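Trainee: The primary structure of each chain is shown beneath.
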Amino acid sequence: MIPERWLNAALTLGLLAVPLWALWADEPFTITLATKVAILALAGVGLNIALGIGGLVSLGHAAFFGVGGYAMGILAHHAQTFQPMIWGLEGTKSMPIIWLTALVSSGLAALAIGALTLRTSGVYFIMITLAFGQMFYYFAISWPAYGGEDGLSIYVRNGFPGLNTLDPIQFFAIAFTALMLALFLHARLKASPFGLALNAARQSPDRVETVGLSPFRLRLLAFVISGAITGLAGALFADLNRFVSPTMFSWQLSGELIVFLLIGGVARLYGPVVGAAVFIFLEHHLGGISEFWQIGLGVLLLLIVLFARGGLIGLVAGEKR
Amino acid sequence: MNPVLETRGITKSFGAVEASRGISLDLRPGEIHALIGPNGAGKSTLIQQIAGKLRPDAGSVHLLGEDVTALGVAERARAGLGRTFQVSALAMEDTVLQNAVLGALGARGGRVPLFRSALRDADLRATAEAALDRVDLLDSADMQTAALSHGQRRQLEVAVALTLKPRAFVMDEPMAGLGAEGSARLTRFLDGLRDEAPILMVEHDMDAVFALADRISVLVYGQLIATGTRDEIRANPDVRAAYLGEDA
Amino acid sequence: MSLILLIEQVLNGLQFGVTLFLMAAGLTLVFGVMGLINLAHGSLFMVGAFAAAAVAGATGSFVLALGAALAAAAAAGALVEVLVIRRLYARDHLDQVLATFALILIFSEGTRWVFGSFPLYLNIPAALSGPISLPGGIEYSTYRLFLIGVGIAVAIGLGLLITRTRLGIQIRAGESDREMIAALGIDISRLYTIVFALGAALAGLAGALVGAIQSVQVGMGEPVLILAFVVIVIGGIGSIKGALVGAVLVGLTDTLGKLLLPGVFALFMPASSAATVGSALASMAIYILMAAVLIWRPTGLFGVRA
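Quick note, the sequences are listed as chains X, W and E, same order.
With the working numbering as the guide, the letters of the first sequence map in order to residues 1 to 321.
With the working numbering as the guide, the letters of the second sequence map in order to residues 322 to 569.
With the working numbering as the guide, the letters of the third sequence map in order to residues 570 to 875.
Excised from the complex, chain X in its bound form:
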């Protein structure tokens, strides 16, 4: 049984070690893979704030991933085609501005969706979040200005002052930093009075109400923060691939995000990191062996749900606390 803190530290070092080794071994593709892990883990950290602390089983978090991605896509598209957007606003290819836009727009999307869906609970909530994800998906497909079903290509990676973002290791550093900041935020939220109350609302909403707090408001705030972080991941993901498409809104992606949490350990701080890493590893290596690797993934997931519910971190670090 390894204490969770040590495990987390080891995982951090591992996530750094892989691309640094790849840099030394001149394997830029591996750096890109590691970047993909970091970005997907970031999306998962967002979900984990709502799901892990708050118990909100959102099956539609791809909505925020996609909003963040399209925020980047739209801004960069207008910049690269030199067309202004509405109200004479110009596009931009500056990452900080794009990230801010992604955070705000996906946060707002989460506010709107949350205000509607958090009035329900249980199975209704799950189904409705799934439905809203689909709504974004179909809307993106049918809006031709930004590529519709074919998506939008961004020819050049966006820029960050002082860095060469086309250099794989530097882009990895950006993604890694974002991930670390998000993990730090998750940890602080969890330990804060807000996290305590949100977690209590998951276990006993009656108790939270009768001490004069509103479970709805707590959950809504958690959902907004969660959506914003997943949205930031979406913007980074779109930048990594230099491509945005409606599949960023797909139910498959929403499912994958929850799968990351399951594999790593729901509510565990580094759960999304482990989950994303395992998933990308399986996709890359098993996918190379057989194009039907997802059957194996499905069986693995079933086994974890039925017999190792705490995920990999649960197996290694034991029960929480």
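Calculated from the structure, these hints are not laboratory results.
Please read these numbers as outputs of a predicted model, since none were measured by experiment.
Among the hints, a few may not be true.
[As the list claims (entries may be wrong)] Here are the simulated lysine-lysine pairs, BS3-like style, with alpha carbons at most 30 Å apart:
hint : chain 1 : residue 1 : chain 2 : residue 2
1    : W       : LYS374    : E       : LYS810
2    : E       : LYS827    : E       : LYS810
3    : W       : LYS486    : W       : LYS374
4    : X       : LYS320    : W       : LYS374
5    : X       : LYS320    : X       : LYS190
6    : X       : LYS190    : W       : LYS486
[Unchecked claim] Covered by chain X, according to a simulated footprint, are these stretches of chain E (three or more residues, beta-carbon under 8 Å):
hint : stretch
7    : 671 to 681
8    : 798 to 807
The beta carbon of each residue, even a glycine, is placed where N, CA and C say it ideally should be.
Take the given structure of chain X and dock chains W and E to it, following the hints.
Mentor: Chains W and E in isolation, oriented as in the chain X frame:
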């Protein structure tokens, strides 16, 4: 003396079922008022309307003279209404201390900081520990709540509710699930509580009712058929008929 | 825009609604009786479609194909229930979501492994192909009318099953008090397997019927599943009546939305933008309807569980 808590003409139907029929009762300072009645009488429904979980079709609820009928559960809690549940409502996975800190958080008036550490906040901690000390649970502060006995959980629940310094308590079957010793201990505790906050309790445990209640109200089929002291209720022919099903 | 076109689209909306009803009925039964959310329901739709296509391809008989769809889906459902689903009844919804999501992966990729990535085709039987003349001079697809008929028949059949048979009584009892029926000595395991297989059969039937209009391919079930969820949210979990009403509402909203919204926007926008905005909004119309129902009735129009 003005009642601390009052219902006026509470009426509620679920389809064809009239769960509450024009119920008017009150809770006076310093008293323990027990609400008894056969199963299905509508006691839980009434409690939920007093607490704010259900909205009555007609009638009103007043706390300290203010009409709180339009307020929700959280708002009534902040206005001074404490509540315990038949199955103790607590965060079972959390520790005893964490539950108490939750109460302290509520007592601070709904400001829920996002970045400070909850357990290291000296203020919250002090309030929480004082509440635990009051019910002799301070030594168990780091225990998981699920590991407590029924009686201890009930006491924790009351302690958490007390951190908000409620002006009135509504308790749903506080003795439920407690053995003889647990009941006795809780009875003594509630006895000492009445001056701080009067208690309206739904209860089936007649020993506790007759040991504690200053007044008893009897609810049958959604209707309040009698309110009075222990002796008055014992002698009341309508009550006897309702419970024993025959003319006494 | 003519009345004939409108009526045609209304019929299309009803036909779409029928598909959704067949899916939603099974889902809502399983949730109402067993308290389980099943994401793999779309996979059973797909299994039905593939079974039908395979059998129709081998034998040329549409009737055999439908029978195969029912049998294959019911069998797959029963198998999955016994192996996996029954371990989930006591678990929380997150676990059910994760496990049934895993089943989607297994079913989808498994089907792709057996049948390949290219779509299969299921042909409308000759007897049902071609148009049929309806009163008012309307020519409508015979097959689609047949679908509507099947839907009505299933709705009536389900209604009779629930209200007139012993199984129906057990189902209704199970919906209101799960612990009670166990105490009454009813074989819960068997009941649950039967209910699950029944829901699966309905999904498989829907898949086979729709497979003749669209193509039969991996992943065809999930979009329909998600719409079935919308139907249930609108209609209320656990209510067959709600599933029917919800399905018709969703079917009509989608079809009529796509027909009418571009036209509505053309009233005050240039034609090309109206078409764009109209069809984009039409794609969201169902979800806007769902949101509206939610605001008004958070547990759906006929929600059984408050």
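Trainee: Quick one: which hint numbers does this structure break? Sort them smallest to largest.
Mentor: Violated hint (a single one): 4; every other hint is consistent with the structure.
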